[in-house]
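Asker: Working from the sequences, and respecting the hints, build out all of it.
Chain residues, written in single-letter form:
Protein chains: 2
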Amino acid sequence: MKERLAQYLDHKRKRIDEALRRVMAEEKDVPAELKEAMNYSLFAGGKRLRPVLTLTVAEALSAPLEPVTPFACAIEMIHTYSLIHDDLPSMDDDDTRRGRPTNHKVFGEAMAILAGDALLTKAFGLMTRCSSGEGADAEKLIKLIDEASHAAGAEGMVGGQVKDILAETNPVSVQELTDIHRLKTGALLRLSVRAGAILSGATLDQLDALTRYADNIGLAFQIQDDVLDIVGDQEKTGKPTGRDEARHKATFPALIGLTESKKRVQTLVEEAKIQVTAASGIRAEWLCEIADYLVDREA
Amino acid sequence: MKERLAQYLDHKRKRIDEALRRVMAEEKDVPAELKEAMNYSLFAGGKRLRPVLTLTVAEALSAPLEPVTPFACAIEMIHTYSLIHDDLPSMDDDDTRRGRPTNHKVFGEAMAILAGDALLTKAFGLMTRCSSGEGADAEKLIKLIDEASHAAGAEGMVGGQVKDILAETNPVSVQELTDIHRLKTGALLRLSVRAGAILSGATLDQLDALTRYADNIGLAFQIQDDVLDIVGDQEKTGKPTGRDEARHKATFPALIGLTESKKRVQTLVEEAKIQVTAASGIRAEWLCEIADYLVDREA
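Residue numbers (the UniProt record's numbering), protein chains in the order written: chain P, 1 to 299; chain E, 1 to 299.
Honestly, the hints are just simulated from the structure, not real lab data. Any given hint could be a false lead.
What the hints assert, rightly or not - Here are the simulated BS3-like cross-link-like pairs (lysine-lysine), alpha carbons at most 27 Å apart as the crow flies:
no.	chain 1	residue 1	chain 2	residue 2
1	E	K143	P	K143
2	E	K47	E	K105
3	P	K140	E	K143
4	E	K140	P	K143
5	P	K263	P	K249
6	P	K140	E	K140
7	E	K140	P	K28
8	P	K140	E	K28
9	P	K35	E	K249
10	E	K28	P	K143
11	P	K249	P	K262
12	E	K249	P	K105
13	P	K249	E	K105
14	E	K14	E	K2
15	E	K143	P	K28
Answerer: As structure tokens, this is what we get:
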């Protein structure tokens, strides 16, 4: 990764980490065991791609970061809860994540389920802090909370996880695999970008361009994950290669080949960049850099 | 139960059932398996005590039921998700609930966890529908969504479930047991009453009286559950008696005796009735009837 982008991402990531720490420190009346389990996964060293995107979008619209930060943190909490639940023995049954034991391996299944539940619940409380307390703002925020519920729920991320589980026993087409990704990871990524835009007062045109940007990089990100599962360096990705194949998981390389998969990532990223560069009033530099990074990344 | 109260509750319950069916029918893009699992527990024939209370409070304040109904349904969804997760093998490991196999027994653990997650997520989306779309209303609703997040999360219901699990291996005092119940079941019941009041434009005095009413009947309800576990009729309660003792669960009868437990239920219910009867502008009749029913109930 370019030095400048690395610094940019690092700076944004720190902002999110600090905000998340403040939020968790405020939780006073929480059983110590539960708080520990929540913090364990929330501060496990993730890339913070989603909340960083929310901040980057606000910046691209020349808006302040303060008002969007709680929503960015809320999305990261939703992402974290989904990882905890996905790792459970009855789901993907993963023992490690990012090189550390998974939540249920450390705290037990019951506590892992409850830590996930608590993070999801907290996320919606956190979203309510994005209002200036004034009328129009409040109405906008209420609509956004509804959108978040759709993106994270049965019609979005949870629905995608269900389809993913069902796909393990049924062969899927490229269209179906695209659909699974659109829901399982795309929906929340799209929310990250749209929340940043909506809370920063984006015009409809800007919101439209940013939504397409999000959908393109969301899918590119997922295909690249599939690619890295084959060609990635375990030292860098933190997970063994070839896992998808061993688990008979549907992947883009398996369906359309490795070369075509890489090409598709490239096309999606180019398309994403065109969207935000062409829209008026968007300072697209960092959004483009992030899109490029998604292709070049090794982890 | 008195015939009139039975009819009243039945009428309110039907209203909630219809509203919940409408909400679930709107969920178009949901995998069929997931929707089935959500519906299975959502329409398992529960008492609907929480949402009925929300409606009853609105009525007691001479307010329309329409604006509070989505919130009432949202609380029932949160209650339902908590039951699905509580029944899981890693938690209470229950095979039946209300005389039917538990969710994970029918749909498997993964789907049960996800159905719970989806219901919790949907609940927050549903809450957003309680706004007239006008400024002051929207601000009030945002505060209420935050309150719901606290009531259902790590500082409320989820925290209570954690404390309950920890209490299985550590002896608890009456104060600690009261605290567990206050969080595990009391917080959501309090929310049901407060949401009905806040959305119906209650004065601060009315809100105060209703909150105390909720706290009193919440604890009474839980102690009565403990009592019924000992003296209840399995045919009526739908669960075998003596389960708490067999599981070494901390209960009020175990800590303060059966007679004292019954007496305490009576006192709490009387106190609840005094609160709402004394407050001005509250038509307390049905709230009192419901409080009495909590003592007299056999299931």
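Asker: Confirm or reject each hint.
Answerer: Hints and how they fare:
The suggested pairing of E:K143 with P:K143 holds, with an alpha-carbon distance near 15 Å, which does not exceed 27 Å. Of the supplied pair hints, the one linking E:K47 and E:K105 holds, its CA atoms being roughly 22 Å apart against a limit of 27 Å. Of the supplied pair hints, the one linking P:K140 and E:K143 holds, its CA atoms being roughly 14 Å apart against a limit of 27 Å. At roughly 14 Å between alpha-carbon atoms, E:K140 and P:K143 fall within 27 Å of each other, so this suggested pair holds.
Of the supplied pair hints, the one linking P:K263 and P:K249 holds, its CA atoms being roughly 21 Å apart against a limit of 27 Å. Among the hinted pairs, P:K140 with E:K140 is consistent with the structure: their alpha-carbon atoms are about 14 Å apart, no more than 27 Å. A threshold of 27 Å between alpha carbons decides the hint, and for E:K140 with P:K28 the separation of about 24 Å falls inside it, so the pair holds. Our distance criterion of 27 Å between C-alpha atoms is met by P:K140 and E:K28, whose separation comes to about 24 Å.
With a C-alpha separation of about 24 Å, the suggested pair P:K35 and E:K249 falls inside the 27 Å cut-off, and the hint holds. The hinted pair formed by E:K28 and P:K143 meets the criterion: a straight-line CA distance of about 19 Å does not exceed 27 Å. For the proposed pair P:K249 and P:K262, the alpha carbon gap of about 18 Å is at most 27 Å, so the pair holds. Annotation: proposed proximity of E:K249 to P:K105 holds, straight-line Cα distance about 26 Å (limit 27 Å).
For the hint linking P:K249 to E:K105, the alpha-carbon distance of about 26 Å falls within 27 Å, and the restraint holds. Of the supplied pair hints, the one linking E:K14 and E:K2 holds, its CA atoms being roughly 18 Å apart against a limit of 27 Å. A threshold of 27 Å between alpha carbons decides the hint, and for E:K143 with P:K28 the separation of about 19 Å falls inside it, so the pair holds.
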